[in-house]
Structure formats: C-alpha cells, structure tokens
Amino acid sequence: MIASQMLDPHRPANGPAGPGVRDLAPGAGWPLVRWLTWPAVIFTALFFAAPLILMICVSFWQRTTGGLEADWSLINYAKFFEKDFLVQALVNSVEVTVLVTAISVLVAYPLAYVLAYRVAGTLQRILLLVTVLPFWTAYVVRSYSWLLVISEGGILNQLLMGMGVIDQPLEIAYTRAATVLGFVHFFTMLLTLTIFANLVQINPSYRKAASDLGASGFGVFWRITLPLSMPGIAVGAFLTFVITIGDYITPQILGGNAEVLMPQAIMLQIGRAANFPMAAVMGTLLMLIVTAVYLAAAKHLKMERL
Amino acid sequence: MRRLFGNISTGVYLAAMLGFIYLPVVILVLFSFQRGMLPVPPFEGPSLEWYERAFSNPRLMAALGNSVIVALSSSFAATLLGFLAAYSLARRPPRYAGSVRFLLMAPITVSYLIIALGLLVVFNMVGMSKSLLAVGIGHTIINLPLCFAIIYSQFGDHHRNMDQAAHDLGAGDLQVIWRIAIPIMRPAIFAAFCLAATLSWDEFIIALLLSRFDVTLPVMIFELLRAGLSPEVNAAGTIVFAISMSTVAVAAIAMLLWRGGKR
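Sequence order for the protein chains is B and U.
Under my numbering, think of the first position of the first sequence as 1, with each following residue one higher.
Under my numbering, think of the first position of the second sequence as 1, with each following residue one higher.
If you are wondering where the hints come from, they were derived from the structure by calculation, not from laboratory data.
On a predicted model such as this, the values are computed, not experimentally measured, just so you know.
Do not rely on the hints blindly, as some may be mistaken.
One-sided and incomplete, this derived list gives chain B residues near chain U with beta-carbon spacing under 8 angstroms [unchecked claim]:
hint: 1; residue: R34
hint: 2; residue: F47
hint: 3; residue: A49
hint: 4; residue: A50
hint: 5; residue: L52
hint: 6; residue: L54
hint: 7; residue: Y139
hint: 8; residue: R142
hint: 9; residue: L148
hint: 10; residue: Q158
hint: 11; residue: M161
hint: 12; residue: Y248
hint: 13; residue: I266
hint: 14; residue: L268
hint: 15; residue: G283
Which residues of chain B face chain U? A partial, calculated answer using Cβ under 10 angstroms [said to hold, decoys possible]:
hint: 16; residue: W38
hint: 17; residue: T44
hint: 18; residue: L46
hint: 19; residue: M55
hint: 20; residue: L106
hint: 21; residue: P110
hint: 22; residue: R118
hint: 23; residue: V119
hint: 24; residue: I155
hint: 25; residue: A210
hint: 26; residue: I243
hint: 27; residue: G246
hint: 28; residue: M267
Beta carbons are placed, not taken as given, at the ideal position from N, Cα and C, and that holds for glycine.
Put together the whole structure using the sequences plus the hints.
Now the structure itself:
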C-alpha cells in the first residue's frame, strides 16, 4: 500500500478519513483501466442498441416509393392486426414456442438429474461434455439431419415399416411436429446444462436433512430439490424461449410451408414484399413478447452467471 | 442387487438419451458416404464421391473460405472487446457497472433475426452495402456477450491482488494487462475465442440477411437444400460439423485441464 501511495501522487498518505477510506478500495488509481469498458460499450451501442431503436422507429414510419418516410403513426400495427395470416403467424409462433419450452424442460430435467446425482467423477464430466457438445455445432445442418431421419423414405419410416408397425409412411416431415422435434432436440442439450449446473450447486445436506426428518424420496425432490433448481430451469427456459421464437431455419427446413411462424413471415416481408415497416412491426412485437417473459422471470435470471 | 438394477437402468436411460441426441448426426455422417443419389436407406457404400463433389464445388469452397474469415475475425474482435470490458469492470468497477453489464449482456436476449433486421435497416440508411464486413459486425455483436460473460466470470479476487502487487512494484496499466492479466486469463480467453468462433461459423440468419454475393457456408448449404436431399449436402454438413465439433472439444478440454490444474 505504501509503495502504491508513493507511486500515485493522487493518493494522499494521510488524507481525511472519508476519501482516504475510498482510496483504499482495490484498483483505485489505475488511470487507464477505467476506460477499457468503452470500446465494448460504444460498439454495442452503435451496432446493437441504435439499430434496435431505429427498427422500433421504422415500425411507426411509412413506406414510400423512394424508401422510408418518418411519418409517425400506428397504422402499420393496425395493418398487422387486420391481416389474418400475420396474426396467425404470431399465434403459431407463441404456441410452438411454449410447447417447445415445456417439452424441453420435461425431457432435460431427468437427464440433468441423473447426470448430477447418479453418476460421479470423471464419468460425469465426460457424459456432460458428450451430452452438450452437439449443442454448439452445426445449426443449419442439424435441422437438415432430422429431415433425413423423418422424411418419407427416411430411416424412421423404413424402420417402422420394416418391423410391421405401420403400413404407410408417417408424414412427420413438413409438419409442426417436425419443427417441435427439431427444437426440442436442440434445447434439451441447453437445458440439461443449465439445470445440471444448478443441481450440483445445491448443498447435499439440505436433501439429507429432509430425508432424516422423514421426507420420502419424492418428497425430497418435490419440496427441496425442485424448488432449489428453479433458477437453472428459468435461465435455460428463458434462453429456449428467446431463441425459439426468433428462429427461422428450423421451421423453414423442418416445418416447410404447412404453417408460417413469425420469423418466416418476417422474412417474407423483407424479401418478397420489401416492406421494412411491416417487418419492423413484427420484430417489435416479438421483442415485446420476449421482454414480457423476461420481466416475468427476472427474479430467477442471472444472465452473467451463466 | 437393487443397486445393480439402479446402475443398469441408469445406463440404459443415458444410452437412450445419447441415442436421441446423436441420432441425426450419425445419420448425417453415415449417408455422406452414400454411393447412390439419395441420402436415405438402404446404405450403399462407403464412397467418397460426394466429398470429391463438395471439394470441387467452387461456390462451396468460396463459402467455406468466407466462413473461416468471418469466424476468426469476429471472434477476435469480440474476445478483445469482451476481455477489455471484463478486466475494467472487475478491477475498476464504475458506479454504473450494473448498467454497463446489462448493456453488454443485452444482445443475448434478442433474437438474431431482430439483430439482423436492425443492422439491415441501419446499413440501408447509411448506404453501406451488404458484405462480409457487415456479417462480421453482426457476429461480433452476438459473440460479445458470450466472450464478456466467460472472461468476466473467471476474474477472481486473488487475481486482483496480483495486479495490485504488480502496480505497487511500479508496472503501468498496459504492462499489468500484458504481463499479468492476459497470461492468467489465457484459458478463459482461449475458450471464449473458440466458442465465439463456432457460434459465428454456424450462424445463419445474420449471414443470410447481411451478405449478398460472398455468402458463408451455412447460407450456401441452405441454398443447396432447396434442390432437395442430396448426399453432397451431407458431405458439406459433415465438414461443417467436424470443424465446429473439434473447435468446441479443444475449448472444453482446455477449460477442463485448467480447472483440474487449479484444484
């Protein structure tokens, strides 16, 4: 401390009590370090916050032959709710997203539980790694791979027909079920990771105390483990919700054109219709939904602790 | 006896779940070696003819090059920005540190499609054309929260003491960063870079909306898909998959070794 006081002329050796105490805070007196957040902050403000705000503005603007006109009104929103197929896309998206989030939690929880409490040591680490490894890989390719499995001549139908379970190939490909399957497969891995990370942090003495006090195996799970693992579920479910509701590729490849979800409808507005204000309306609506879900789950969410 | 039964049922359950997780991947890779025209059973092969096709497809190879460029540069930018911000917030937290963290993490809560849409509107307005640079900017935005979070979470108080000691011994800020902070944080920096690279390597919607001629590999594969199922797509997909899988594996092993060493 004395050395740093000598090196730093701004730090008084015998200053008054108030500022002197503050000066003892570690990290005080490093002139450059405090500026180092700025590059990231400016970059994020410029290429994330500003575009987002502008997109919201555009949703209130009008399309003209030359481009966009800043003529503020709610007319684009009115147009959105007048068009049945756009409203239907929103409904479809919310339904699929809620379904995917719920099923993914139900599939992932037992897996995370088994990995956390039924295997241990090196085997546990390896199994966890193997379980979540494909999550990081090959987003487009993964949807395509499921198409190979469930298509009319795909391996699933050939297997079932070969075993005599069915006579006609099942029509799973290009349906909502295919979209949900692709999503659930993807998010099982993510949720397993977040729930696992939560489960292994729970102090084992809580569960032991509960069972010593007479709780049954299920009682311990229902009243101790499950409530304490809610943060892990919340973080994983929230990310599942956000990614699913905004994902274009999975419904496009697996769901086909049987029904249109919001991201597909947005892409149609950008592409064929070249209608930026309407695309912005739909983007803003998606953001509103995500914000509402975030606020509802906020007390469980600690994103930077992920 | 009960214990043995428990172990067996746990094993069967885990095998079934891993089967579910790896089923599509196995099918993808298997039928990339198909000899016939369709990547569905019966399997006739193995044959490398579709890999030869893929590697001699100039558009596919150009897309592969673009993907590598975008992945490396956007993860480098995101890791650099993320490291500097994490270091600054860990060592010299300003009073508004909470708001800074919130802003830096915010892109994680917004769909890639909406990030792409916002950037598309901005680039249109300022007259910047769709390009690989635009895709790189978009990928840096989605990678920055990840890099920041990984590196920030690894800064501990014991590191702070080392930095303080170096300062007390007369090192300047840059010297401390270069000779203390970066070497100590190397595993986290490396893991952040690798994960960011795979995220960018796989990303589709930003690359689709912000590029015109110089498309990346996922966009190229999506275009090939319009022609229907083909073993060539399987081969290209297997290449994509193998590259990202090995990058993640390298990052994960580096992290595990590092954690193991710390104990």
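> Which of the stated hints cannot be reconciled with the structure, identified by number in ascending sequence?
Replying inline: Checked against the structure, the hints that fail are numbers 11, 14, 20 and 25, while the rest are satisfied.
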